[in-house]
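Since each chain comes alone in its own frame, lean on the hints to assemble the complex.
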Amino acid sequence: MSSVNPGALPETDGKSTPRRNEWPLWEVFIRGQHGLNHRHVGSLHAPDAEAAIHHARDVYTRRNEGVSIWVAESRHIAATAPGDKGPLFEPSESKVYRHPTFYDIPDDVGHM
Amino acid sequence: MAGNDKDALLNFLLRMGDSALILGHRVSEWCGHSPVLEEDIALANTALDLIGQTQLWLEYAAEIQGEGNSADDLAFLRDAWDFRNFLLAELPNGDFGRTMMRQFLFDAWASILLPRLAQSSDPRVAEIAAKAAKEAAYHLERSADTVVGLGDGTAESHDRMQAALDYLYPYVGEMFLSDEGDAALAAAGVAPDPASLRNEYDALLKRVMNEATLELPDTRFTHSGGRDGRMHTEHLGHLLCSMQWLQRAYPGSTW
Numbered sequence: 000m001s002s003v004n005p006g007a008l009p010e011t012d013g014k015s016t017p018r019r020n021e022w023p024l025w026e027v028f029i030r031g032q033h034g035l036n037h038r039h040v041g042s043l044h045a046p047d048a049e050a051a052i053h054h055a056r057d058v059y060t061r062r063n064e065g066v067s068i069w070v071a072e073s074r075h076i077a078a079t080a081p082g083d084k085g086p087l088f089e090p091s092e093s094k095v096y097r098h099p100t101f102y103d104i105p106d107d108v109g110h111m
Numbered sequence: 000m001a002g003n004d005k006d007a008l009l010n011f012l013l014r015m016g017d018s019a020l021i022l023g024h025r026v027s028e029w030c031g032h033s034p035v036l037e038e039d040i041a042l043a044n045t046a047l048d049l050i051g052q053t054q055l056w057l058e059y060a061a062e063i064q065g066e067g068n069s070a071d072d073l074a075f076l077r078d079a080w081d082f083r084n085f086l087l088a089e090l091p092n093g094d095f096g097r098t099m100m101r102q103f104l105f106d107a108w109a110s111i112l113l114p115r116l117a118q119s120s121d122p123r124v125a126e127i128a129a130k131a132a133k134e135a136a137y138h139l140e141r142s143a144d145t146v147v148g149l150g151d152g153t154a155e156s157h158d159r160m161q162a163a164l165d166y167l168y169p170y171v172g173e174m175f176l177s178d179e180g181d182a183a184l185a186a187a188g189v190a191p192d193p194a195s196l197r198n199e200y201d202a203l204l205k206r207v208m209n210e211a212t213l214e215l216p217d218t219r220f221t222h223s224g225g226r227d228g229r230m231h232t233e234h235l236g237h238l239l240c241s242m243q244w245l246q247r248a249y250p251g252s253t254w
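Chains as they are written, first to last, in numbering that gives the first Met the number 0: chain A, 0 to 111; chain B, 0 to 254.
Because the hints were derived from the structure by calculation, they are not lab data.
Every residue gets a Cβ at the ideal spot worked out from N, C-alpha and C, and that includes glycine.
Taking CB as the label site, the calculated pair distances span: (1) A/T79 / B/T253: 52 to 58 Å; (2) B/P91 / A/P46: 24 to 30 Å; (3) B/V35 / A/V108: 50 to 56 Å; (4) A/Y102 / B/S33: 55 to 61 Å; (5) A/H37 / B/A182: 47 to 53 Å; (6) B/L47 / A/H33: 22 to 28 Å; (7) B/R229 / A/R61: 37 to 43 Å.
Next comes chain B alone, as it looks inside the complex (with noise of 0.2 Å):
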């Protein structure tokens, strides 16, 4: 493989497996927090889900890098600037509705992306696209159904998802953004151009947000950096000092 594709490829395999990572983490910080015992198990399978998925993101991606890292050592022994995951994905929890209309805007995308993702090119990411995809089906129906019941319910329910999406609206943009990377990723039939699933992403949310009685707000303005790690919000740094601490106080343990 070229020098440059091989990066491209090193550089999706990490944007995939870090933002599965980075949002599976944030999900597990609801475990034993939920409003509901029914969502809080709901919601540490959806966690466990996408941490799966890292596992075999960051395998491969770990394979192609060929520094002689595992999984584990890029999720546990990187620091923040060399995170690729959207910044939609380390924002914080806030409340439950917050986390859900989260979880809704990124299960929408990978909905639609991995579906594609299962006719690459590259028959390693064909596969763990296959059996991301119907996790990711499963996830986008409950947190749309969610979404709608909760925008659709009470007054202080609604207030709450309008707030939610008001927030959350502006760090969509980061993950239909392209690069040289994913032009040459895309000529060789590896990924879709991120910026040639919009549509399809506007239809869906247009569609669920009419249903759950919530305005999208009228601008395209997106916050960036995280795909390219440029710069990521000041959440990265928390979220990794918990979820890297064991690994990083007692160094090569396992269990």
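Next up, chain A with everything else stripped away, as it sits in the complex (with noise of 0.2 Å):
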């Protein structure tokens, strides 16, 4: 099964692509509240990590969103090919009882 990597597909795009000056891209986490996890809120370019930080600050923190922040440059991140997803996920699609919705719950249980 291949995996993609988005980030990088500009600099492996072949020898006849001049390498653009450009600073990398970073994709920007953003942790909302205490307890709740870091969710991705976008991406934008910068030329290290403490600049990256920096300019997800200013970007994406403006309105009081965040209490914390993860960046991590593009190139880094290993994602699944678009052609595979048939074998990947279509196999659940007919998993129906994989859903944990057989069950009757207790009220005293309350919300899970």
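Next up, the structure:
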């Protein structure tokens, strides 16, 4: 099964494409409140990790959205190949019994 | 409050508010023009922080003045000779490098002064400074990193940053001048004597310029005339023309 790396595509496009003189791309993850997960909110360009965090603060937390920021250079993210969608994801479509919806939950358990 | 003390406090508040206002307006001129999107929004944030600080300083200044003015009246209805901002704040942006160098020279001063002001014997000054100090600490981190990045960058960026430093450095000294009013405020514990901040400022500048491979000019000459309103540069009038235009053309208009 193959994987792709969207952030690295421009640099591995063959010898005919000159390397663009641009800052690398970073993916930004923000934790909205203590106790919640960091969530992917978008991407930006920056020369290094420290500048990427600064930019993320300035671009994505202007309206009090976050208490913590992660950044990761996009080229380090491996992703599933769109062409593999069938073998990867379709087999689970017919396995409805994997959803835990066939049980009666006692009322006093509350929200699960 | 005795007359002299009141004048000293009013002058101090106008210097703080006007410097933040004029620099904030200058920085806002980059909106939509910055070299990259991320810097554009970061500069807009800085400008908004400064204008937010302006509102607090000038609101208090208007109260001390006691002539029924609002912060907006002070910002939009005074002419150049009434402004008390440092000349550094009103200088034109130049290229992005010069703008960031000017920002660093100002942020370094603010980041040293504001935490001290947060201990002011005047509770209102202390409150405003405590809020502004956090913003200034972030501004300094960003502008210092940019000065180092561009100073220790390519040959061209290095030369531009050195030219920016050479151009702006003769305006630095005005931030550390003091007069009788400053002495009175220092004695009353309202604000530190500006001159007493210089050593710490010099040490910070030396450290950052060293890292940025830039050379500090070997002169203590300083332009002055902004903080006492004696003589602003020709640039302030042009800035006010665009900043005050709407309020002058349509008096009292709101949105």
